[in-house]
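The chain contents come next:
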Amino acid sequence: MTKSLEVLLLDDEPIVGRRLKPALDKIGCRVEVFENPKEAVARIDQKEFDIVVTDIRMEEMDGIQVLEHVQKKWPRTKVIIITGYAKMDLAREAMGKGVFDFIAKPFRPDDLRRIIANAAEALGAPIDFSSINDEPVE
Amino acid sequence: MTILEKLKKISHKEPGIRHFCIQTIRFKKFLENARGLLDLFDDGSEKVLGEYIFDRHYVVSLIDSVVERLGMMVYDACVLVPKSGEGLYAAYDEHKFTAGNLINANGSGKSGSIALDTSGSLEPEYQLLSDVLQWFNGKDTPDEPTVMGFMKQIFLSVIQFDAIGGLEAMDVVKTRTRALLGNSGVAASDMGIYLVDLWKDAQALPKEKRSINDFNSIPLKHLLMDISGIDAKDRLNRMNKGINWVAAVSEYQLSLNSLKPDFQFRLETLASGYEQSDFIFIFADKSAILDKILPAGFHIESTDYGQFAWNLDMSAKNIEDSLMIIGRSLLS
Chain A
1 MTKSLEVLLL
11 DDEPIVGRRL
21 KPALDKIGCR
31 VEVFENPKEA
41 VARIDQKEFD
51 IVVTDIRMEE
61 MDGIQVLEHV
71 QKKWPRTKVI
81 IITGYAKMDL
91 AREAMGKGVF
101 DFIAKPFRPD
111 DLRRIIANAA
121 EALGAPIDFS
131 SINDEPVE
Chain B
1 MTILEKLKKI
11 SHKEPGIRHF
21 CIQTIRFKKF
31 LENARGLLDL
41 FDDGSEKVLG
51 EYIFDRHYVV
61 SLIDSVVERL
71 GMMVYDACVL
81 VPKSGEGLYA
91 AYDEHKFTAG
101 NLINANGSGK
111 SGSIALDTSG
121 SLEPEYQLLS
131 DVLQWFNGKD
141 TPDEPTVMGF
151 MKQIFLSVIQ
161 FDAIGGLEAM
171 DVVKTRTRAL
181 LGNSGVAASD
191 MGIYLVDLWK
201 DAQALPKEKR
211 SINDFNSIPL
221 KHLLMDISGI
231 DAKDRLNRMN
241 KGINWVAAVS
251 EYQLSLNSLK
261 PDFQFRLETL
271 ASGYEQSDFI
281 FIFADKSAIL
291 DKILPAGFHI
301 ESTDYGQFAW
311 NLDMSAKNIE
321 DSLMIIGRSL
331 LS
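If you're matching them up, the sequences are chains A and B in order.
So in our numbering, the last spot in the first sequence is 138, and the numbers never skip.
So in our numbering, the last spot in the second sequence is 332, and the numbers never skip.
Treat the hints with caution; some may be incorrect.
[Stated by the list, open to error] On the chain A side, residues computed to face chain B include the following (Cβ under 7 angstroms): (1) E13; (2) I15; (3) R19; (4) P22; (5) G84.
Hints are computed from structural coordinates only; laboratory data are not their basis.
Note that CB positions come from ideal geometry on N, CA and C, so glycine has one too.
Given the sequences, and given the hints that come with them, work out the whole structure.
Listed below in structure tokens is the structure:
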């Protein structure tokens with residue numbers, strides 16, 4: 001049996017975690033959801049996640065800071081940034097810092113699952129989610 | 001001579017046809033903004049179905065975009081028909097107020113469930129989006145006017161077919177347009193159509209009489225494709241019956257207006273070959289049987305004062321076929 005992908009999902013909008021967690025559970029990820037960036041960072045200090053998915057704009061700490069923290073602590077971890085603000089300067093900054101990929105809100109769960117699958121492949125732990133449909137997540 | 005006096009002198013020399021061209025181009029801008037609003041409605045309607053993940057920022061930015069576009073439509077309308085300004089801005093302020101309330105209220109709970117959370121309640125973001133869509137295009141009532149209802153009101157103001165002016169107002173506009181074209185020296189072309197080149201004629205009108213073939217306009221060619229083969233005798237007959245249409249054109253644009261006193265019809269189209277921006281828009285009075293004039297695929301909205309019809313995102317072939325059918329129906 002293959003090991004589950006450990007995913008930390010951080011977004012200060014509760015709906016994102018509520019709706020994404022079941023979508024990622026379906027492809028065999030073990031997902032921990034956070035709305036508070038400081039709590040998420042504290043958890044990252046305790047545990048090495050395979051993938052961190054984080055919103056870019058949050059009140060107390062932005063996604064770039066989370067990215068920097070992850071890279072310092074766990075260089076192997078892939079970071080995916082969610083952005084509702086398609087700002088090229090932020091995108092460039094994050095790309096320069098080695099973010100794995102971006103996804104812009106609104107998006108379909110399957111869009112993120114594809115990026116997660118790519119990240120898993122890059123980690124040497126490919127996942128098969130061809131059987132997952134693009135059905136609405138409740 | 002002061003600068004102000006010079007400017008006054010220049011403006012007195014400005015031909016009336018330039019004003020006509022500017023108004024026509026402004027109406028195109030007005031339609032672009034209306035189209036932008038319809039695209040926003042479509043975007044929200046797609047996202048509310050439950051397939052997408054979005055947050056409150058998305059809904060708030062959708063509301064902001066609608067308010068902004070609506071403001072641009074109102075501005076265009078006021079440029080086109082200045083007397084409409086006061087009433088439209090008052091109604092616009094009400095919509096801005098509604099928009100503010102929606103953002104602050106965080107969803108009223110009135111709408112049916114679309115995306116449920118684990119407790120079976122509608123997600124607040126979906127509830128908010130659902131309420132926003134009701135404001136866009138729900139049931140239009142005096143207490144809860146919709147954006148779509150307001151758009152229709154703006155359209156009617158712009159084409160001067162409002163409850164106060166009605167048919168008489170439109171006839172006044174037509175008489176004024178006919179006089180303007182005549183006084184400006186726009187020669188009536190063959191086929192019974194006044195033709196205006198939107199860009200060139202605004203600068204200077206040619207002295208010599210022009211034929212339809214002198215105009216390089218793709219949509220005009222499509223419109224006349226099925227009837228351009230009529231013989232010289234028939235063309236003369238049409239001329240003798242009077243000039244009943246004015247067509248303002250550019251290479252990719254056509255604005256066709258009826259000048260007949262008993263028939264209101266306005267067609268606007270962009271046929272650039274770029275599907276995402278090409279469209280046909282029509283306003284016709286209630287008596288026009290649009291089903292017989294238009295091919296399938298048009299969205300038709302009826303109001304107490306007339307009918308609106310439009311088809312967006314049209315392929316080059318679809319535009320060509322549609323204009324050919326419309327031209328045959330209207331001009332044969």
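Against the structure, the hints come out as follows:
no. : hint : in the structure
1   : E13  : holds (4 angstroms)
2   : I15  : holds (5 angstroms)
3   : R19  : holds (5 angstroms)
4   : P22  : violated (9 angstroms)
5   : G84  : holds (5 angstroms)
Hint 4 from the earlier list is the only one contradicted by this structure; the remaining hints agree with it.
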